[in-house]
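All chains should be modelled from the sequences, with the hints used to inform the complete structure.
Just so you know, the sequences run in chain order E and L. Heads up, the first sequence stops at 376 in this note's numbering, and the numbers go up one at a time, no gaps. Heads up, the second sequence stops at 376 in this note's numbering, and the numbers go up one at a time, no gaps.
The set of hints was computed from the structure by calculation and includes no laboratory data. Each hint should be verified, as a subset may be incorrect.
The list makes no distinction among identical chains, and a pair is therefore deemed to hold if it is satisfied within one copy or across any two copies.
To be verified - Pairs of lysine-lysine residues, derived as BS3-like cross-links and limited to a Cα-Cα distance of at most 30 Å, are as follows:
#1 Lys49 - Lys312
#2 Lys291 - Lys135
#3 Lys10 - Lys291
#4 Lys173 - Lys49
#5 Lys291 - Lys49
#6 Lys135 - Lys312
#7 Lys159 - Lys10
#8 Lys10 - Lys173
#9 Lys287 - Lys173
#10 Lys105 - Lys368
#11 Lys291 - Lys368
#12 Lys159 - Lys312
#13 Lys368 - Lys225
#14 Lys225 - Lys287
#15 Lys10 - Lys128
#16 Lys49 - Lys156
In this text, all values refer to a predicted model and were calculated from it rather than measured experimentally.
Protein chains: 2
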Amino acid sequence: MEFEVLHIDKSMGARRGLIRTEHGTAETPAFMTVGTQGTVKALSPRELKEAGAEIVLGNTYHLYLRPGPDIVAEAGGLAAFMSWDGLTLTDSGGFQIFSMTDLTKITQDGVTFRSHLDGSEHFLTPEKVVEIQAKIGADIIMVLDECTAYPLSYDKARKSAELTIGWAERSRKAFNDLGLGPGQAIFGIIQGSTYEALRKRCTDALIEIEFDGYAIGGLSVGEPKSAMFEMVSVSTELLPADRPRYLMGVGFPEDIVECVARGVDMFDCVMPTRNARNGSLFTSQGKVVVKNAMYAGDFSPIDPECDCYTCKNFSRAYLRHLFNAGELLAPNLATLHNVTYYQRLMREIRQAISEDRFSEWRHAFHSKFEGASQQD
Amino acid sequence: MEFEVLHIDKSMGARRGLIRTEHGTAETPAFMTVGTQGTVKALSPRELKEAGAEIVLGNTYHLYLRPGPDIVAEAGGLAAFMSWDGLTLTDSGGFQIFSMTDLTKITQDGVTFRSHLDGSEHFLTPEKVVEIQAKIGADIIMVLDECTAYPLSYDKARKSAELTIGWAERSRKAFNDLGLGPGQAIFGIIQGSTYEALRKRCTDALIEIEFDGYAIGGLSVGEPKSAMFEMVSVSTELLPADRPRYLMGVGFPEDIVECVARGVDMFDCVMPTRNARNGSLFTSQGKVVVKNAMYAGDFSPIDPECDCYTCKNFSRAYLRHLFNAGELLAPNLATLHNVTYYQRLMREIRQAISEDRFSEWRHAFHSKFEGASQQD
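Now the structure itself:
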């Protein structure tokens, strides 16, 4: 993996860049679309491409349990398995292990948990997680970290951060020992809850270990937004300029804009895809909850400013009918629209950075967004 | 609607033709893809087009209840509502009323039934059904008929056929009174169970009333195949050569081939779409039930002879994974494949007729198909 910073906005830390891997190129700031089980829910890879997506995020926990890393490896890796002509990243599975499973034990060694599918017991170590991801074969793999809840006492957060640092060191070593790369890159994950000192300690330690990129984890878990922004800045100010920075699980369009301003290059979140399946659509005029009765006879598109296939061809009335009738085309058309919305947002951000007008663009975006939210 | 017979195979009654409406042209023999609620389940209109489909069949019963004919009319008719750039046909709703609802009363006047959605009571007459379909605005509308079960006594079948004939007469009159056409065409439906005399009586009566096309209904409901083929021939031998003939609800690829041989021009069935959603795929090598464990590590396409997006890009192993994981992409890719299979079948049939080799083609098809079924 190569990362190149193409331009830094004159008035702030917002950066425009490029990630190159053997599977292609992705522009940053990038929003990675979540494809948990080796598919972006309700969307075919060509639709995903059409929406402007360049990176798909697969979930190691899910793919490890089903279909299993060997099947994905035999298929030629995640991108080949799902026929995705673009970049892939796999998370470490940590978040899912800590949030979805019956977690039976966590030690320095690793985690023991029961599968949410069949209750079977599994033991994963940082090394094993690297091996699994090596098989799955994404361009970017993530280290196993401990995902903590919010709020958390300083003492617990400190112990957890040290565990995460130790695991990161072992992950890096396992990655080196496997002789992976340059086909695959590995990112470390910064934890430390909402404690500035711990975030700094964790950031410094990971920089010392050295990774191809650095993720900021454990945010957007219920803490105040101000704390999230502060913790992001603590890390981005310390991180080396020549490595991509990835804020995990974020999020709302307005939060993405704020964190780009703080120097973040990569984002992921289930929001565009999950909301779409619930009929909640992002538009230039605010949120449209298309199941609402008010749209029954509304023959205008979801978003008149959007040029996606959904907006070019279908009305709110039709989408509402599809959702009400439980038709499979509903999540498909809605997801295509929301993913397009997010990718257009990132394109606009990149364009504004290139032209040194990100600061103005950001203010205009927030004014429009807040106006739209109030109408909602 | 215009119908033109382009060629009749030299050795048999198989015909190749063209249906022209203001929404475009469809070649016959045609297989109409079922789009019950104003969408072909799991497929976008552009995917449907790509699969080669030219006519979509909407269900009047479903569209009448939801979103209601007024919404569809306001959208500009069914094709505009669903953004389908092709022909549409609506059934009369009769089949659904008789099979899906709590049918409370049937008289000479019409039928009283309770909606399967909310239990609300509705009374529909042949005239009302024409009016509803006029609003829905499909290119071809169907008369209300009584759908009978198999087996049925001669006496009951005779009474039912007479009711159907009376309703057909009233439907034709209602159609004329509304001043519909040439934008919309109306087809009569031949009933008469498996009784040759009744089929003849019904066919003659409908020819006398005169319709733009003639459907053969009440078959493929459990009767022996030989009876179905015989009843089809009884009608096609009497029907005027210059009007399209539509065999309703059929069906299996091998039955379509046999009924084309007997002079049928149009078919519809939920089989390709419904089977796809269950993971049952039609291929040149027989049926592939892709959920089966035997496909877990099978990286070959569903059908190596198929050029659809699914077969060109995805493996059986991937499809199996999608079905097992309950992913929405599974029904989408499977439906695209099955609809493509049916449309390719119809193209091959039309080509064979054009070249006066339908008889040979038919035998080769059956040999291959039976071989494939035996492997299955």
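Consistency of the hints with the structure:
Taking the shortest Cα distances, Lys49 and Lys312 sit within 30 Å of each other both inside one copy (17 Å) and across copies (17 Å). For a Cα distance limit of 30 Å, the shortest separation of Lys291 from Lys135 across copies, 24 Å, qualifies, whereas the shortest one inside one copy, 42 Å, does not. Taking the closest pair of Cα atoms, Lys10 and Lys291 never come within 30 Å of each other, the shortest separation being 43 Å inside a single copy and 55 Å across copies. Proximity of Lys173 to Lys49 under the C-alpha cut-off of 30 Å is found in neither arrangement, the shortest distances being 35 Å within a copy and 52 Å between copies.
In this assembly of identical chains, Lys291 and Lys49 lie within 30 Å of each other by CA distance both inside one copy and across copies; the values are 27 Å within and 27 Å between. With identical chains, the CA atoms of Lys135 and Lys312 are at most 30 Å apart between copies only, with a shortest distance of 24 Å across copies and 40 Å within one. Taking the shortest Cα distances, Lys159 and Lys10 never come within 30 Å of each other, neither inside one copy (39 Å) nor across copies (86 Å). In this assembly of identical chains, the alpha carbons of Lys10 and Lys173 never lie at most 30 Å apart, being 38 Å within a copy and 76 Å across copies at closest.
In this assembly of identical chains, the alpha carbons of Lys287 and Lys173 never lie at most 30 Å apart, being 46 Å within a copy and 49 Å across copies at closest. For a Cα distance limit of 30 Å, the shortest separation of Lys105 from Lys368 qualifies neither inside one copy, at 48 Å, nor across copies, at 58 Å. Only within a single protomer do Lys291 and Lys368 lie at most 30 Å apart by alpha-carbon distance; the minimum there is 24 Å, versus 48 Å between protomers. With identical chains, the CA atoms of Lys159 and Lys312 are never at most 30 Å apart, being 53 Å at best within one copy and 51 Å at best between copies.
With identical chains, the CA atoms of Lys368 and Lys225 are at most 30 Å apart within one copy only, with a shortest distance of 20 Å there and 65 Å across copies. Taking the shortest Cα distances, Lys225 and Lys287 sit within 30 Å of each other inside one copy (20 Å), while across copies they are farther apart (55 Å). When the C-alpha separation of Lys10 and Lys128 is checked against a cutoff of 30 Å, the pair qualifies neither within a copy, at 43 Å, nor between copies, at 69 Å. When the C-alpha separation of Lys49 and Lys156 is checked against a cutoff of 30 Å, the pair qualifies neither within a copy, at 43 Å, nor between copies, at 59 Å.
Consistency note: the structure conflicts with the earlier hints numbered 3, 4, 7, 8, 9, 10, 12, 15 and 16.
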